[in-house]
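Given chain C's structure and the hints, the job is docking chain G onto it.
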Amino acid sequence: MISATSLAALMFVTGPPAGPEPSGSASLTIVVDDAGTRVHNKGSSWVSVTPNAPGKTTVVSPGAKEDFTGGPDVQQGPAPTPPPVAVASRTLAAPSLQSPNDGEKVKLKTTDKGPGQVTLTWTPVAGAREYEVEYTVDKGKAISLRAARAEAKLPPIPSGKVAWAVRSVGEGATSEQSARRWFELQTEDIKLDVKPPTGWK
Amino acid sequence: MMRWLGCLGAVLLTVNCTEGGASLEDTSVSGAPAKLSHLSGKVLVKRSNGDDWIDAAEAMDLRENDKVRTAPGASASIDFESGGTVSLGEDALIAIAETRVRPGLERSDLTVIRGRVEAELPDVQHQSLSVTTPNVTVRAGRKIEFQ
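First to last, the protein sequences are chains C and G.
In terms of my numbering, the first sequence opens at residue 1 and continues consecutively.
In terms of my numbering, the second sequence opens at residue 1001 and continues consecutively.
Hints are computed from structural coordinates only; laboratory data are not their basis.
Treat the numbers as computed from the prediction; the structure is a model and nothing was measured.
For lysine to aspartate or glutamate, the following DMTMM-like pairs were computed, each having C-alpha atoms within a straight-line distance of at most 25 Å:
#1 LYS153/C <-> ASP1055/G
#2 LYS105/C <-> ASP1052/G
#3 LYS65/C <-> GLU1090/G
#4 LYS65/C <-> ASP1123/G
#5 LYS107/C <-> ASP138/C
#6 LYS109/C <-> ASP1051/G
#7 LYS107/C <-> ASP1061/G
One chain only, chain C, in its complex shape (with noise of 0.2 Å):
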């Protein structure tokens, strides 16, 4: 049984009864800047946008332009840019971990330029300034870090389980730290391949 709240939401993203199943070909185009992100929809079925914070999901209709500009929320249509401060207010949305992948094992090589260094990636978040990165090895003491971009390298670490998060800094604004991953770091020990000399007399 549905009741007229779901209903009304299920006419929402479907628009009006244009055809029961999807059919045809998806053509669209995405741009992302630091603005948000824009779609053009130049195909003849619908596109979905979901907000990656809560909120509503919009269907952007064939031929139609949508902006989703201003920080983790999505505004409805073809919304103004807010003033800068509009991001700035707005509560950051904690970033999605991307490598290493959970519980996975990485191998480390020291070479003559020193230690091998992990890096950690994710995906911006928009209306960050900088992330925050947080680290534990073998569940000791957590290190904190702060990267400018959506990565950082961990400085030389020993073997270990490493476990690591990252909230979003923004102006006045710091997200919920991510789930948590951790990984297994190996490191192996630089070989000295050193063969006894030929041709010596």
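Using the frame of chain C, we list chain G on its own:
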């Protein structure tokens, strides 16, 4: 009225059923979910387990969390095994999303971090494409989800 109810029923089926066509979940056994093509100009790839950007090559396999970057004036296409194609314009940065679905997180094929991409899906009835950006997730095709 009856036509409208029929359409609504079909919509509910779409909401409740799992995807009937090809999806990236299906491709996890076959390896790379995507492949590079139509390279033009300086296109670089950063493997998920690597620190360095390497030159891209035609038909190069792309795996989850690999990143692709196009320089000014460059372009490239990514062909997904699920059927969609995404063309990257100049000065773009994208990442191939994880193929496995995590609890509480939406599935995605691609993360566009910066730049302009053109996504094409020839058969929306059997294919789908999800593109995540820093603030939204855009879905086209059969996998459109309703909230």
